[in-house]
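Student: If you want the building blocks of each chain, they are given just below.
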Amino acid sequence: MSVLVIAEHDETSLLPATRHTIAAARELDADVHLLLAGAGDANAAAKTEGVAKVLTANAEHYNHALPENLAPLVVELAGAYSHLLTPSTTFGKNLMPRVAALLDVAQISDAIKIVSEDTFLRPIYAGNAIATVQSSDKIKVLTVRTTAFRAVDEEGGSATVESVEAASPSDLASFIGQELSQSERPELTSAKIIVSGGRGMQSGENFKLLEAIADRLGAAIGASRAAVDAGFVPNDYQVGQTGKIVAPELYIAVGISGAIQHLAGMKDSKVIVAINKDEEAPIFQVADYGLVEDLFKALPALAEELDNVL
Amino acid sequence: MKALIAVKRVIDYNVRARVKADNTGVETANVKMSMNPFDEIAVEEAIRLKESGALDEAIVVSIGEAKCQETLRTALAMGADRAILVETEANVEPLGVAKILKALAEKEGVDLVLTGKQAIDDDSNQTGQMLAALLGWGQGTFASKLTLADGKAEVMREIDGGLQTLSLKLPAVITTDLRLNEPRYASLPNIMKAKQKPLEVLKVGDLGIDVSPRLKVLKVEEPSKREAGVKVESIAELVEKLKNEAGVLG
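Residue numbers (this note's numbering), protein chains in the order written: chain A, 1 to 310; chain B, 1 to 250.
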């Protein structure tokens, strides 16, 4: 049997999350097929390390990845596969349960380890517990936590490309528009360094102090839920249990107290730095390096010190 | 127009879950329980739709042990009209929950189902999408804005790259994200009034649906602990340590 990864892509290239998911799929010891639905570069996708076959279904109604359209296509292909996988991004979270229900199978959300072909590890309770679950379903449907699997390379593969017939479009949902954050900075979930701000930043304007640090480090900018709820920054900055899960080399938490829900999104970072004026803040319990100081003093000093050493 | 709002009773979001000593699950005895925060947002949204005249009736439903009645009373005190408890001692997986909700949505003839995008206990983020699939309805997941007009729902969704807006044919399923609204607190008079509102109790068996689990939980463990590190005295010391000790700069 083969396994099928449903690609998340931006109509030009695969998103990094897809390459992390392919890495998880490879651990199942089966041929990995990749479904590229909608506009996309199949030849580039075919070069991805570890992919044996790329299936393309190029129809306009697959653009914007509406599950009402995509799920029937995946269901039609599913019979030939033992496992279906997507990244556990908003793309995968939106699509896969719809696929699983149509197949009458359970979904394993947020897999962080493939133990065997039917047994997987997944975090529950905001990562405060790890469950080992075994599936009795014929087809296993998984979403994969991308930070738990090292991405395969963009090059090195030589997959065959095969086009499959598109399923009929659905009239249940239609795309009206989107507002995507435009940024020169690295994407949050693939950044090596993240500088993140919380309620302590006091305003969106003050995030400029974080930008000054991020500019010097080539870092992405993140935020706690409190900062997003307060309107300092847009929703796509949110790191946490229900936002983005990140695991960079270096995570600098500034003015973030460290609620359970925030820690769930960043505690697998390699090195954590906390800057907070409250020395009792829970963030210090997970920080490798903690500095108890007012962030409005610390951030300009940090920018200056980075100029000295970098 | 009628809406069904699904709510789950979970460990309160301020409580840190503890793994049981025998690794069979998480300790829930003598732990503060509350309505899943995302479901509270779904209840609030339904009440606001009622207040705006877009909705005539808000029916809340929960699936679980008898104590879920408390959760349903909370939703009634917030302003829902009536409640249904589908009582079971067993753990019902999202697919089973979706099957139960499908039966209720059809029985009640609702035009809209609202529920939280995920429950903060199992963090599955599946139920709404599965329900939409089983009903053959459109889905507006992770909603941060909802408008009903002309037999359609316009939904703004929180996605990884920013925000997306969709138009869904009604009936539809909406799952709520954090920024959709800020749930109200129930006032004391409303808490009293809620005690008089109808609350129907059904057994899973009454619905004739197979909700047996597909996943076997082999064990539940503590994650590897992260030890607290050191406090530094100055920015200069911090940068020095990041560069020379941790090796993450430059």
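Please note: incorrect hints may appear among the correct ones.
Calculated pairs, DSBU-like style, for lysine-lysine (alpha carbon to alpha carbon, straight line, at most 30 angstroms) [said to hold, decoys possible]:
# : chain 1 : residue 1 : chain 2 : residue 2
1 : A       : K138      : B       : K219
2 : B       : K216      : A       : K297
3 : A       : K192      : A       : K138
4 : B       : K231      : B       : K32
5 : A       : K138      : B       : K241
6 : B       : K107      : B       : K193
7 : A       : K270      : B       : K241
Partner residues are not named here, just some residues of chain B that face chain A (Cβ under 7 angstroms, in silico) [stated by the list, open to error]:
#  : residue
8  : K20
9  : D22
10 : N125
11 : G138
12 : L163
13 : L168
14 : L170
15 : V204
16 : L215
17 : K216
18 : L238
19 : G250
FYI, nobody ran anything at the bench for these hints, they're computed from the structure. Predicted model only: the values in this text are computed from it and were never measured. Glycine included, every Cβ here is placed at the ideal spot set by N, Cα and C.
Student: Please go over all the hints and tell whether each is borne out by the structure.
Tutor: Going down the list of hints, with the structure as the test:
1. A/K138 <-> B/K219: Cα-Cα ~22 angstroms, so holds.
2. B/K216 <-> A/K297: 52 angstroms, violated
3. A/K192 <-> A/K138: 38 angstroms, violated
4. B/K231 <-> B/K32: 34 angstroms, violated
5. A/K138 <-> B/K241: Judged against 30 angstroms, a Cα distance of about 51 angstroms means the pair is violated.
6. B/K107 <-> B/K193: 26 angstroms, holds
7. A/K270 <-> B/K241: Between A/K270 and B/K241 the Cα gap is close to 14 angstroms, so the pair holds against 30 angstroms.
8. K20: Result: violated, 9 angstroms to nearest chain A Cβ.
9. D22: 13 angstroms, violated
10. N125: This interface hint holds because 5 angstroms falls under the 7 angstroms limit.
11. G138: Status holds, d = 4 angstroms.
12. L163: For B/L163, the interface hint holds, since the closest Cβ of chain A sits about 5 angstroms away, which is under 7 angstroms.
13. L168: 5 angstroms, holds
14. L170: 10 angstroms, violated
15. V204: This hint is violated: B/V204 lies away from chain A, its Cβ roughly 17 angstroms from the closest one there, beyond 7 angstroms.
16. L215: 5 angstroms, holds
17. K216: 5 angstroms, holds
18. L238: 6 angstroms, holds
19. G250: Because about 5 angstroms separates B/G250 from the closest Cβ in chain A, which is inside the 7 angstroms limit, the hint holds.
In the structure shown, a violation is registered for the earlier hints numbered 2, 3, 4, 5, 8, 9, 14, 15, in ascending order.
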